[in-house]
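*Asks:* Sequence:
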Amino acid sequence: MAQMKYLVEVEKAKEGGGGKPSMGPVYRSVFAKDGFAPLLPGMDSCWDIFRTSVEKYPNSRMLGRRKIVNGKADKYEWQTYKEVYDLVINVGNSIRSCGVEPGDKCGIYGANCPEWIISMEACNAHGLYCVPLYDTLGAGAVEYIICHSEVSIAFSEEKKIPELLKTFPNSTQYLKRIVSFGEVTQEQREEIVKFGLEVYSWDDFLKLGEDKHYDLPLKKKSDICTIMYTSGTTGDPKGVMISNDSIVTIVSGVKALLENVNEKLTTEDVYLSYLPLAHIFDRVIEEFFISQGASIGFWRGDVKLLLEDIGELKPTIFCAVPRVLDRIYSGLTQKIAAGGLLKKTLFNVAYSYKFNYMKKGNTHFDASPLSDKVVFNKVRQGLGGNVRLILSGAAPLATHVEAFLRVVSCAHVLQGYGLTETCAGTFVSLPNEISMLGTVGPPLPNVDICLESVPEMNYDARASIPRGEICIRGNTLFSGYYKREDLTKEVLIDGWFHTGDIGEWQPDGSMKIVDRKKNIFKLSQGEYVAVENLENIYGLVSDIDSIWVYGNSFESFLVAVVNPNQQALEHWAQENGVSGDFKSLCENPKAKQYVLGELAKIGKEKKLKGFEFIKAVHLDPRPFDIERDLLTPTYKKKRPQFLKYYQNVIDNMYKGASKP
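Residue numbers (full-length UniProt numbering): 1 to 660.
I should point out that these hints are in silico values taken from the structure, not numbers from a laboratory.
Please note that a few of the clues may not be correct.
To be verified - Straight line, CA to CA, 25 Å or less: simulated BS3-like cross-link-like pairs of lysine-lysine: (1) Lys517 to Lys359; (2) Lys304 to Lys517; (3) Lys220 to Lys483; (4) Lys655 to Lys606; (5) Lys607 to Lys517; (6) Lys176 to Lys159; (7) Lys159 to Lys75; (8) Lys221 to Lys489; (9) Lys160 to Lys67; (10) Lys160 to Lys221; (11) Lys304 to Lys5; (12) Lys14 to Lys517; (13) Lys194 to Lys160; (14) Lys378 to Lys359; (15) Lys56 to Lys207; (16) Lys12 to Lys517; (17) Lys607 to Lys512; (18) Lys517 to Lys606; (19) Lys512 to Lys636; (20) Lys56 to Lys304; (21) Lys604 to Lys512; (22) Lys159 to Lys304; (23) Lys378 to Lys343; (24) Lys360 to Lys512; (25) Lys264 to Lys82; (26) Lys194 to Lys82; (27) Lys489 to Lys636; (28) Lys314 to Lys67; (29) Lys314 to Lys255; (30) Lys304 to Lys335; (31) Lys314 to Lys335.
Produce the complete structure using the sequences and hints provided.
*Replies:* Here you go:
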């Protein structure tokens, strides 16, 4: 393959050992052509990241939350780096005074807040394993994590204490003390003490360490600093062990990348903390902000108030998962549609003009300054007025949403890719590279990447358009699954982490995720179907929000469950004289035929094979959600659970559909 603009080849393609499929060439970022990004000086651990920033920026704002005055949210109140440091030392002394030793496990449970970070830094200071607890992994997950990782002390948001109590008595085999970020009710205190545990309010816990002093243990790069549990789509959550080295390496890599694209972070930058700190994506971003002496403001925990918090905080960097950006996109398009013909026309003209100039290679600043000032400034102000970078991660962002936001947000919109096992960041698209739309960009400058062929899915890592399973090598990789060496050996082979995702190198050196290795099944005529690729194609239909495609190996055709777009379906009904509310429209055979027709159109356009066409659909008005255990916390589909939940629907579709 020709030299790609943003990649350098560091090893030639080779055959896999033992008759395994061949590996493609090994590439790394062009920003690492002279070697990987150097680690931040003097940084061997997460504690060093924080400690060094306290020394450099003691009086800079670090953590902020909105003050509540007469029941209403007021301005943000800030704690400086030095003030936070003093609290961290106090909390650390309190933890140690309870008999907790370096290497012990400390759980943290609750929404993002200053106490979360303070507790995490106390763990970093004393060499404790920080174990985030979170309930979106499904019923019983908190109890499972406490017992599996042997958490002995847990910090908890006040309103999460009842959830902790539900884990009793099983968790009390390991859990010996609970610290509330707020108060503890008398009833809760009695219940907890009854099981022989200690319980403290935040203020009472701080008093334990006021007159104590414990030396901080020596910390090594290889030490585990956190065990993050990740759901996967089947089985128990897996405890991903992440070392100090992984986090220091990723922070150094992100710093180097932003400097190479002239978007260096400074102490003036501000971040809104609302994505769960229990996930690696937000943890790494906040470590990076801390490393640069920047500010982190916390939301109030209510998605309905998120835009209001943004307006008050005025962040400069905004990280999001696609669901949040989808909501922003839908809100904006609805406002445009309702704005009258003149406003709508003005918007469309400005959008087309700016987008065309961006496609010609102009930066988003230079493409149409007049459009930004006259038409798109309201969007910019809606995000606080200062956002310069929007980073999307955790799941794929629809290309039309990414393109729209790149034009109207007056900010760089970058899509990234990574896993908990790779310490979040592995690929990220670059500012002002419009060719990277729909991709996750080139690798960060601290990892090596190669593709491995998957012959059974017809993916060849050495073809003219290389496709294969994405494999990653570098110090950002995790140290293994806690107590699951068997699972570790399945995915970590000869230093390479096998992601299970199928990628395709683009001519500019960016990576496009096209499929998932395990999402493949065989139809009765022996044809293999790569279902994720199909869902990506059918997902281009603008009248649907989500689709789950299924094929039974005893049948010769595919069926699907679709979440139709309510606005689009109601518009179609009005145009075609079909009456009824959204729920009854979803049950209407005419509506099903309409959606099938739209799916068929995109299938023909994308030249799908006959067996890849959907022959029957079920329209579900309720979006696929975590509550029914259909999605992971990062919105990946849990296919076995989908099958279980929709089994009757599938049976009826196969019975009712006319077979080809």
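*Asks:* A separate judgement is required for each hint: does it hold in the structure or not?
*Replies:* Here is what the structure says about each hint:
no.: 1; hint: Lys517 to Lys359; result: violated (33 Å)
no.: 2; hint: Lys304 to Lys517; result: violated (37 Å)
no.: 3; hint: Lys220 to Lys483; result: holds (21 Å)
no.: 4; hint: Lys655 to Lys606; result: violated (28 Å)
no.: 5; hint: Lys607 to Lys517; result: holds (22 Å)
no.: 6; hint: Lys176 to Lys159; result: holds (19 Å)
no.: 7; hint: Lys159 to Lys75; result: holds (24 Å)
no.: 8; hint: Lys221 to Lys489; result: holds (22 Å)
no.: 9; hint: Lys160 to Lys67; result: holds (22 Å)
no.: 10; hint: Lys160 to Lys221; result: violated (33 Å)
no.: 11; hint: Lys304 to Lys5; result: violated (42 Å)
no.: 12; hint: Lys14 to Lys517; result: holds (21 Å)
no.: 13; hint: Lys194 to Lys160; result: holds (19 Å)
no.: 14; hint: Lys378 to Lys359; result: holds (23 Å)
no.: 15; hint: Lys56 to Lys207; result: violated (28 Å)
no.: 16; hint: Lys12 to Lys517; result: holds (24 Å)
no.: 17; hint: Lys607 to Lys512; result: holds (19 Å)
no.: 18; hint: Lys517 to Lys606; result: holds (21 Å)
no.: 19; hint: Lys512 to Lys636; result: holds (17 Å)
no.: 20; hint: Lys56 to Lys304; result: violated (37 Å)
no.: 21; hint: Lys604 to Lys512; result: holds (22 Å)
no.: 22; hint: Lys159 to Lys304; result: holds (19 Å)
no.: 23; hint: Lys378 to Lys343; result: holds (13 Å)
no.: 24; hint: Lys360 to Lys512; result: holds (22 Å)
no.: 25; hint: Lys264 to Lys82; result: holds (24 Å)
no.: 26; hint: Lys194 to Lys82; result: violated (39 Å)
no.: 27; hint: Lys489 to Lys636; result: holds (23 Å)
no.: 28; hint: Lys314 to Lys67; result: holds (16 Å)
no.: 29; hint: Lys314 to Lys255; result: holds (22 Å)
no.: 30; hint: Lys304 to Lys335; result: holds (17 Å)
no.: 31; hint: Lys314 to Lys335; result: holds (22 Å)
In summary, the numbered hints that this structure violates are 1, 2, 4, 10, 11, 15, 20, 26.
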